[in-house]
Structure formats: C-alpha cells, structure tokens
Amino acid sequence: MEKKIKRKSSIEKALDLIEALKEREDLGVTELSNILGLNKNNVFRLLATLEVKGIIEQEEETGHYKLGTKALFLEYAYLKGLAFLQKAKPFMKMLRTRVNETVYLSILSKDNIVYLHAEETNRSVLVHSRVSKRFPAEKTTSGKVLLKARQSKEVVFPVEVDFEGLEPEVSEISTVIWEDKNPIASISIVAPISRLNQINYKDIEFELLNCAKEITNQLS
Numbered sequence: 496m497e498k499k500i501k502r503k504s505s506i507e508k509a510l511d512l513i514e515a516l517k518e519r520e521d522l523g524v525t526e527l528s529n530i531l532g533l534n535k536n537n538v539f540r541l542l543a544t545l546e547v548k549g550i551i552e553q554e555e556e557t558g559h560y561k562l563g564t565k566a567l568f569l570e571y572a573y574l575k576g577l578a579f580l581q582k583a584k585p586f587m588k589m590l591r592t593r594v595n596e597t598v599y600l601s602i603l604s605k606d607n608i609v610y611l612h613a614e615e616t617n618r619s620v621l622v623h624s625r626v627s628k629r630f631p632a633e634k635t636t637s638g639k640v641l642l643k644a645r646q647s648k649e650v651v652f653p654v655e656v657d658f659e660g661l662e663p664e665v666s667e668i669s670t671v672i673w674e675d676k677n678p679i680a681s682i683s684i685v686a687p688i689s690r691l692n693q694i695n696y697k698d699i700e701f702e703l704l705n706c707a708k709e710i711t712n713q714l715s
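According to this note's numbering, the sequence shown is numbered sequentially starting from 496.
Everything labelled a hint here was simulated from the structure, so no lab data went into it.
There could be a bad hint or two in this list.
[As the list claims (entries may be wrong)] Have a look at the derived ranges for each label pair, beta carbon to beta carbon:
#, residue 1, residue 2, range
1, HIS559, PHE701, 41 to 49 Å
2, GLY549, ASP698, 24 to 32 Å
3, LYS634, PRO585, 28 to 36 Å
[Unchecked claim] In silico lysine to aspartate or glutamate, DMTMM-like type, Cα no more than 20 Å apart, as pairs:
#, residue 1, residue 2
4, LYS565, GLU507
5, LYS561, GLU614
6, LYS565, ASP606
7, LYS708, GLU664
8, LYS535, ASP511
9, LYS648, GLU674
10, LYS561, GLU526
11, LYS584, GLU556
12, LYS605, ASP511
13, LYS634, GLU674
14, LYS628, GLU649
15, LYS643, ASP606
16, LYS643, GLU552
17, LYS588, GLU614
18, LYS697, GLU674
19, LYS605, GLU633
20, LYS508, GLU552
21, LYS639, GLU649
22, LYS634, GLU518
23, LYS588, ASP698
24, LYS639, GLU700
All C-beta atoms, glycine included, are put in the ideal place defined by N, C-alpha and C.
Based on the sequences and whatever the hints tell you, model everything.
Written as structure tokens, this is what we have:
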C-alpha cells in the first residue's frame, strides 16, 4: 500500500517563506518559488497575504521582498518574553567589556542553532552580525557545545573553539548556559581571527567560562 504524501498546510508554507526571507533578504518570486518548491501562483498568494499583514514588504525599485516591520516586532516581543535572556544580558555586557569582543547568546531550534542576541563591541574591525541567523548546529561551536551538554547527566561547561571553520577570517569560542540542570543556551564570542586565535584564546576562554557559570548561578 502506497503511503500518502503529506502536503504542507498554508501556515507551514507561509512559515517556510518567512524563514527563507530571514536567511536571505531581498528575494524575488522566482527565487522564492525555487527555494520553497512551490509554483509561482502559490508564492504570489502567500506573499499577498503576508504583505497585507505587514509581515513582509515589497521593494519598489526591484519588486523583491523582505521581512516587514511586523515580523521584526514579533521577534522583539518573543525575545522580550525570554526570562533567561533578560537575566543573561547584564553578564553578557560585562563579558563584552572584559574581552572587548562581541558576545552572542544562541539556542537550538531542531537541528539548527539560532543566534538570538548580541552585545556588540565598538571596535573598528567587526565581523558580520549573526543575530537572527541560523546554521546547522553541528557546524558551529555554539551548536556543538549544546549538543554535547544534552548528552551529559551532570552540569558541565564544554568549550568548543573554531578558527575560520564557518567563516573565513572569523573565530568563535562557545560554552553552555544551564537553567535547572537543563542546557538552555550557548554563550559565545565571535571575533576576527587576528584577535581570537590559537595564541590568545585561552585567556578569552577563562572569561567566557566565568560568565557562563555566573549566568547559570543566576538562573538556578
């Protein structure tokens, strides 16, 4: 007996479209059709509905689409509702001051890691922001430490370091934040490899671990 192919609902298709625009801003109908595997008529209908609701906006010059202000408002409302993020922010700011680099907080979403919030450094040379970006969890240090922590029966603070593995000339070092013995997020420092490398990463690791433990104590 043949299995019936489960068709996606309109809501699922709309969410896929929003995800596509989060990954790559400024997409046209043809590009969205190819990414989503939908015909152009379906894409047009989804775009029209989301545009009326203010979730997406159309660029006048190119006719391409991007996320609208309503989507940004919903994201802000979601982040504001994360109690652990609000408690972590002061410690993230202190860590940023101590190491003078950008500090990120990330969570797992299925098989991906999502960078929720950053405390940005004001140094002149920066790397592209990862806020709201998602990557396969096993490809990032943020994802790797959370996957490791989920396998542990004890509260541990694994550290992962990456030198140019995800992005050229960019390094990342990460560890875990716990709440009630659950690894709920990762905290990481992302910087140019000229400032975070094999020579100095141990000093930065020390500060990162202290911060993660302070946040964990605050949440316990």
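Quick one: which hint numbers does this structure break? Sort them smallest to largest. 2, 5, 6, 7, 11, 13, 14, 16, 18
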